[in-house]
Amino acid sequence: SAVISQKPSRDICQRGTSLTIQCQVDSQVTMMFWYRQQPGQSLTLIATANQGSEATYESGFVIDKFPISRPNLTFSTLTVSNMSPEDSSIYLCSVGGAYEQYFGPGTRLTVT
Amino acid sequence: QKEVEQDPGPLSVPEGAIVSLNCTYSNSAFQYFMWYRQYSRKGPELLMYTYSSGNKEDGRFTAQVDKSSKYISLFIRDSQPSDSATYLCAMNGGATNKLIFGTGTLLAVQP
Chain A
30 SAVISQKPSR DICQRGTSLT IQCQVDSQVT MMFWYRQQPG QSLTLIATAN
80 QGSEATYESG FVIDKFPISR PNLTFSTLTV SNMSPEDSSI YLCSVGGAYE
130 QYFGPGTRLT VT
Chain B
10 QKEVEQDPGP LSVPEGAIVS LNCTYSNSAF QYFMWYRQYS RKGPELLMYT
60 YSSGNKEDGR FTAQVDKSSK YISLFIRDSQ PSDSATYLCA MNGGATNKLI
110 FGTGTLLAVQ P
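Protein sequences appear in the order of chains A and B.
Numbering (the numbering used here) for the first sequence: 30 to 141.
Numbering (the numbering used here) for the second sequence: 10 to 120.
Any given hint might turn out to be false.
[To be verified] Below, a list of computed lysine-lysine pairs in the DSBU-like style, where the Cα atoms sit at most 35 Å apart:
no.	chain 1	residue 1	chain 2	residue 2
1	B	Lys-11	B	Lys-79
2	B	Lys-11	B	Lys-65
3	A	Lys-94	A	Lys-36
4	B	Lys-11	B	Lys-107
5	B	Lys-65	A	Lys-94
6	B	Lys-79	B	Lys-65
7	B	Lys-79	B	Lys-51
8	A	Lys-36	B	Lys-11
9	B	Lys-76	B	Lys-11
10	B	Lys-79	A	Lys-36
11	B	Lys-51	B	Lys-107
12	A	Lys-94	B	Lys-51
13	B	Lys-76	B	Lys-107
14	A	Lys-94	B	Lys-107
15	B	Lys-107	B	Lys-65
16	B	Lys-76	A	Lys-36
17	B	Lys-65	B	Lys-76
18	B	Lys-51	B	Lys-65
Just so you know, the hints here were simulated from the structure itself, not pulled from any lab data.
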């Protein structure tokens, strides 16, 4: 399994601002995934990030709100833009495939 | 209707008990079934995965899949206080890498 780190581990932000979350993996991987975990709700895939191409977003998530970068095979960033209190959530990155995905520790975001 | 349903609990059991955690699903295309354990303020940790129907055992953990009933289970034998966590089921049809998760069941094992 891969070792995944995320920065920051938590943050409190004001509405209208943006936060960039970093995800670092200890090995080269083709695909990285970004999920959101809201209180009382299931983990939901935001987008899939492949190195060298545009991220693929799931229904309900748009690039303007959640821009993603994937500059190399071990690193990705997710930006939460123009934040509102509804964006308060845990954001997680993961790597793997259809049946073995490994998750980072998550970034706990609170928007006030 | 959600694609995956999971009883949120909380479920409280005494140490040593057998725990049964369950999920139901509606999409017959799901082929891969996973169980994750998530401790408080940590990321989900993959416990085990099963392909199609059948059982899979790993130590004190047994995963069961009944595709005819669209029902999966995770059994924990001789439960320990260290098993106290949220357990998430997840599924995938195999055509993409998108996992569909249940909401998780909070388990507390009392010493």
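Hints, one by one, checked against the model:
no.: 1; hint: B:Lys-11 - B:Lys-79; in the structure: holds (13 Å)
no.: 2; hint: B:Lys-11 - B:Lys-65; in the structure: holds (26 Å)
no.: 3; hint: A:Lys-94 - A:Lys-36; in the structure: holds (19 Å)
no.: 4; hint: B:Lys-11 - B:Lys-107; in the structure: holds (15 Å)
no.: 5; hint: B:Lys-65 - A:Lys-94; in the structure: violated (41 Å)
no.: 6; hint: B:Lys-79 - B:Lys-65; in the structure: holds (17 Å)
no.: 7; hint: B:Lys-79 - B:Lys-51; in the structure: holds (29 Å)
no.: 8; hint: A:Lys-36 - B:Lys-11; in the structure: holds (32 Å)
no.: 9; hint: B:Lys-76 - B:Lys-11; in the structure: holds (17 Å)
no.: 10; hint: B:Lys-79 - A:Lys-36; in the structure: violated (38 Å)
no.: 11; hint: B:Lys-51 - B:Lys-107; in the structure: holds (21 Å)
no.: 12; hint: A:Lys-94 - B:Lys-51; in the structure: holds (25 Å)
no.: 13; hint: B:Lys-76 - B:Lys-107; in the structure: holds (19 Å)
no.: 14; hint: A:Lys-94 - B:Lys-107; in the structure: holds (20 Å)
no.: 15; hint: B:Lys-107 - B:Lys-65; in the structure: holds (22 Å)
no.: 16; hint: B:Lys-76 - A:Lys-36; in the structure: violated (39 Å)
no.: 17; hint: B:Lys-65 - B:Lys-76; in the structure: holds (14 Å)
no.: 18; hint: B:Lys-51 - B:Lys-65; in the structure: holds (25 Å)
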